[in-house]
Every structure is written in C-alpha cells, then in structure tokens.
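Listed below are the residues making up each chain.
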Amino acid sequence: MRLSSSQRETLWAYIFLIPTLVLFGFIVLYPFIYAFYLSLLEWGIFGNSTYTGLRNYADMLKDNLFWKSIGITLHWTAGVVPGIIAISLLIALALNIPTLKLKGTFRTIYFIPVVTNMVAASFVWRWLFEPTFGVVNYFLGLLGLPEPGWLASTKWALPAMMVVGIWKQIGFAMVIFLAGLQTIPKEIKEAARIDGASRWQEFCRIVLPLLNPTIVFVAVMLVINALRVFTIPYVMSAGGFTYGVPGGPLNSTRVFVIHIYDLGFRQFNIGYASANAFALLLLIMSVTIIQMKLIERPFEY
Amino acid sequence: MKGADYVLKVLVYFSLAIGVVIMLLPLVWMFSASFKPLGEVMRTPPTWIPLQPTVNNYKEVFRQVPFAKYYLNSVIVAIIVIGSVLITSSLAAYVFAKFEFPGKQIWFFLILSSLMVPFQVRMIPLYRISVSMGITDTLFGVSFPWLVDAFGIFLMRQFIITIPTELIEVARIDGASEPLIFWRIILPNCKQALSALAIFTFAWNWEEFLWPLIASNSNASRTIPIGLQSFAEQYGSNVHWQMAGAVVAIVPLLLVFMLLQKQFVEGITMTGLKG
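Those protein sequence lines, which keep their order, are chains D and L. Residue numbering for the first sequence follows numbering that gives the first Met the number 0, beginning at 0 and increasing consecutively. Residue numbering for the second sequence follows numbering that gives the first Met the number 0, beginning at 0 and increasing consecutively.
Honestly, I wouldn't trust all of these hints.
Straight-line C-alpha distance at most 30 Å; calculated DSBU-like pairs for lysine-lysine [claimed, not checked]:
hint, chain 1, residue 1, chain 2, residue 2
1, L, Lys8, D, Lys100
2, D, Lys185, L, Lys8
3, L, Lys103, D, Lys185
4, D, Lys102, L, Lys97
5, D, Lys292, L, Lys103
6, L, Lys97, D, Lys292
7, D, Lys102, L, Lys261
Bear in mind the hints are in silico, worked out from the structure with no lab data behind them.
Throw the hints in and build the complete structure from the sequences for me.
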C-alpha cells in the first residue's frame with residue numbers, strides 16, 4: 000500500500016515524537032493526574048488511605064501553618080525580586096557606559112555567584128552570619144551597628160537568607176539586562192543628546208521604556224523562582240549545630256516548598272501535601288497569566 | 000558638564016568596586032577558612048591570610064567524604080539528562096515547527112501548559128513511581144524526572160522555525176529519508192541553540208537539590224549538593240572541614256566557567272531572552 004504524502008507526514012511526525020510523548024506521559028502527564036488523585040485521599044496512621052473528596056483542600060484553608068508559610072514565601076519574594084532587579088539594573092547600566100574600563104572583569108566577577116554551587120554557598124553564608132565570630136557581625140560591629148543573632152533569630156533568619164538569594168541571582172539578571180541594553184540603538188540616544196536631554200531624561204524616556212519587556216520578563220522569572228525557593232532556606236536552617244529543623248527557627252523561614260516537603264516526606268501526610276502542592280500551582284499559574292496580560296499590553300513612549 | 004561627568008565616573012567605579020568586594024567576600028572567606036585550624040576560623044577579628052596555614056582540612060574531608068564518587072554521580076546524571084533533553088527537544092521541536100498532522104495543536108498545547116506546573120506538584124507521585132519501579136537511590140532514579148523538558152522543546156522550536164522550509168523540501172525531492180533530513184539539515188542548523196540548551200540544562204541540573212534529596216539516600220546516588228548536605232549534617236560544627244568541602248564543590252565548576260565564559264553567558268542570555 001502506498002501512503003499519500005499527508006499520511007506519510009503524519010507517520011513521520013509521530014515516529015519523531017514517540018520518545019518525547021512516551022517520556023512526557025510518564026514523567027509529566029501521569030504524575031500530574033496522579034498528584035490530583037492523591038490530593039483527594041487521606042492517610043491513616045497505618046499508611047492506609049481513604050477517599051475524602053476535597054477535604055484536604057478545605058483543611059488547608061483553615062491551616063494556620065499554610066497561611067504562615069505562604070506569607071513567608073511572599074515576604075521572600077517581595078524582598079528578593081525588587082532587590083535583584085534594582086541592583087542588577089544599576090550594575091548593567093554602569094557596565095553599559097561605553098568608556099568604562101575593566102568591563103569584562105566586572106561582568107565575570109558579578110556572574111561568579113551564579114556558577115557557585117548553591118549548597119556550598121549557603122554553608123559559607125551560614126558561617127558569615129554566625130552571631131559571635133561571623134564576619135557580617137564583625138563588620139556591623141566596626142560600624143557601630145547592632146549585631147543581630149541572624150539565623151538563630153526568628154526575626155532576622157529570613158532577611159539573612161534573602162541576602163544570599165539576592166547575592167546568588169544578581170549576575171543572572173545583570174547578564175540579561177546587559178543583552179537588553181545592547182539592543183537599544185545608539186542613534187536614538189545620540190538624537191536625544193543632541194536635542195538636549197539630560198542623562199536622567201535619557202534614562203527615563205528612552206532606556207527604561209525600551210528595556211521594559213526585558214524587565215517584565217526577568218521579574219516574572221524571578222518571581223516564579225522565588226515562589227519555589229527551597230535550597231537556600233533549607234540548607235541554611237537545617238544541618239547546622241544550633242538550628243536543626245528545616246524552616247526554623249520556630250518555622251520563621253518555613254517557605255512554602257519546605258512546608259510541602261515537610262508534610263510529604265517528613266510527616267508522610269501524602270494527600271495533604273499534594274493538596275498544598277496544587278496551591279503552589281495556582282499561585283504560579285496566576286503569575287504566568289498576569290505576565291501574559293502585561294506583555295500583551297502595548298507600552299507607550 | 001565635564002566635571003560632573005568625572006564625578007559620576009569616579010562614583011561608578013567606586014560603587015562597582017564595593018559590589019565586587021561583597022560578591023567575592025564569601026568566597027575569599029571560604030578559601031581562607033579552608034586552610035585554617037578550627038580555632039583560627041572562630042577568631043575575632045577574622046584573619047584573612049591564615050596565620051597557621053594547613054592542608055589538614057582537605058585531608059580530613061577526602062578521608063571522610065567520597066567526593067570523587069559524588070562528582071562522578073553528578074557528571075553521570077548531567078550526561079543522562081542533557082543527552083535525553085537534547086534528543087527529545089530537537090526531534091519534537093522539528094515536528095512542531097515543520098510538520099502538519101492530526102493532534103499537533105493538542106500535543107503542543109499540553110506540552111506548553113506543563114511549563115506552568117511546578118515540579119513540587121509532580122514530586123510525590125514521582126517518588127511513589129520510583130519506589131514501585133525500584134529505582135530509588137539509583138542514578139537513573141535521580142535523573143528520570145528531567146528526561147524531557149517542555150522549555151527545551153519550546154526553545155528549539157523557536158529556532159527551527161527560522162530554518163527555510165525550502166531546504167527540507169529540496170532534500171525530500173532529492174530522495175533523502177526523513178531521519179537523514181533531520182540529521183543533515185536540521186541538526187547542523189541549530190548547533191548554537193543546542194549548545195545553549197545544553198549549557199542551560201547543565202547549569203540548573205548541577206544545582207538541583209530537592210529531588211535528589213528525596214530520591215537518594217546513600218553514596219551510591221548522591222550528587223554533589225546532596226553529598227555536601229549530608230556531610231554537613233554529620234559534622235555540623237566543623238566549619239573548617241565544611242569550608243574545605245565547599246571549595247572542592249565550587250572550584251572545578253568555577254574553572255570550567257572561566258574557560259567557557261563566553262559560551263556560558265551567551266547560553267544563559269539566549270535561553271533567558273527566548274523563554
């Protein structure tokens with residue numbers, strides 16, 4: 000039997016797609032459906048499970064720890080994302096000055112934390128923030144500033160971790176901003192200069208609007224990363240000698256993914272953990288949808 | 000105006016230099032502490048150049064921790080994941096860019112939507128699947144959630160779409176088989192995208208912490224981040240050893256980055272901007 004050319008096309012399309020579709024079904028689609036099914040079950044003390052409908056979701060909304068960990072995650076996001084964007088944008092603008100020397104060296108150094116292993120870096124920072132012999136408090140002391148207990152304090156543990164989150168991701172945002180800045184044609188800036196625009200006007204009226212799509216894109220990536228933050232708070236709160244429990248002290252750094260991990264893999268409350276994971280999905284979906292709305296909107300000059 | 004420009008420039012260099020100090024301070028401290036005895040690490044004010052330099056910390060770390068094994072595990076996981084992602088992404092992307100067939104819209108929509116699903120939704124089922132398959136604590140078990148990547152498919156498709164369809168049609172008329180077209184026309188034309196995807200996949204996979212924390216529980220399958228973490232949990236207060244371990248974990252990748260800096264930054268930018 001001879002195949003028509005469109006049948007032939009379909010046949011080859013599916014032959015090429017088979018590896019992807021099989022793997023996609025196995026590691027994405029099926030686990031996703033399975034997760035929803037698990038979220039409808041309740042686990043008994045003997046590892047037996049019973050169907051409870053949407054009760055896990057109802058329980059979740061009444062759970063103080065759920066709201067607390069959502070709050071901590073939003074706090075993290077609200078601190079880390081604007082921090083990274085402001086600092087990395089300033090660095091990118093500086094490195095974009097045509098007459099600046101040592102550009103390559105500066106760029107390399109600011110990018111180094113991105114390729115520094117996050118677990119190892121979190122260890123280092125844990126000791127820098129050590130209250131008695133840590134370098135951070137040593138410098139604060141030299142400046143005559145108060146020396147908080149950082150990771151041992153419920154008030155200062157999260158800010159300390161936020162510093163690490165910012166430090167780690169500045170280079171990434173900087174590189175993308177630099178690429179965005181380089182797409183702005185020199186002629187536009189020169190024309191503005193001839194028309195007598197000051198540097199500040201040039202920045203507000205030309206650079207910022209043209210860079211806007213890049214900023215939105217970086218912001219969305221960073222927000223999604225921030226909502227899923229895990230490694231830094233986990234490593235910096237667990238495994239030390241003073242502070243043993245992930246998310247500690249006293250749950251003050253229990254970001255949402257630590258909450259889910261703790262429910263699922265330490266308390267083995269599998270159905271409830273799955274329901275919480277779907278709350279994370281909802282959070283991330285809403286960010287993505289807002290992003291689409293923002294990018295669709297034509298920006299004005 | 001000239002004077003103001005000069006002041007501005009001095010200010011820029013000064014701020015950049017302060018930034019450099021802050022960015023490098025943790026790494027400098029780590030290096031320094033890794034060559035000190037414990038007592039000196041805990042000294043205030045801190046010493047930057049060790050007063051009693053020693054390599055004992057490294058000896059201890061290598062005696063207690065199988066770092067070579069962790070590196071090997073990390074490299075094997077990276078090879079499995081990158082290999083599978085490059086193959087599946089380029090094949091699927093070619094199909095979605097250049098083929099018309101029933102089901103195309105649905106599959107593409109499903110794959111794209113999965114970009115929104117955070118890994119945390121899949122991790123509990125994936126753990127149960129790996130338990131029932133008996134692959135927990137194996138290198139395959141650590142790799143398998145990442146064998147296909149929706150983002151990779153999307154990225155490659157954006158690239159392959161720009162390859163002129165005439166090239167493919169001419170080859171077809173000349174009697175080239177479909178696999179040959181893929182191999183001889185599509186792949187050579189998206190080398191740049193493939194290397195960007197490889198670098199991007201490597202960069203995050205090397206850092207992946209949550210899944211291997213769940214999936215591996217012995218040195219047989221521990222990758223570097225997990226090996227480090229379990230080491231720290233055992234020897235919590237031995238800062239000097241931890242810093243030697245951190246140096247061993249950080250430095251090789253840093254050297255690779257210094258060598259391949261251009262490709263690295265281009266890869267991150269390209270994947271970043273296209274995403």
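Structure-based check of all given hints:
1. L:Lys8 - D:Lys100: With Cα atoms ~11 Å apart, Lys8 of chain L and Lys100 of chain D stay inside 30 Å; holds.
2. D:Lys185 - L:Lys8: holds, 20 Å
3. L:Lys103 - D:Lys185: violated, 43 Å
4. D:Lys102 - L:Lys97: The hint is violated at about 42 Å.
5. D:Lys292 - L:Lys103: holds, 26 Å
6. L:Lys97 - D:Lys292: Answer holds: Lys97 of chain L to Lys292 of chain D is near 29 Å, not above 30 Å.
7. D:Lys102 - L:Lys261: Roughly 14 Å separates the two Cα atoms, so the pair holds.
The structure is inconsistent with the numbered hints 3, 4, although it conforms to all the rest.
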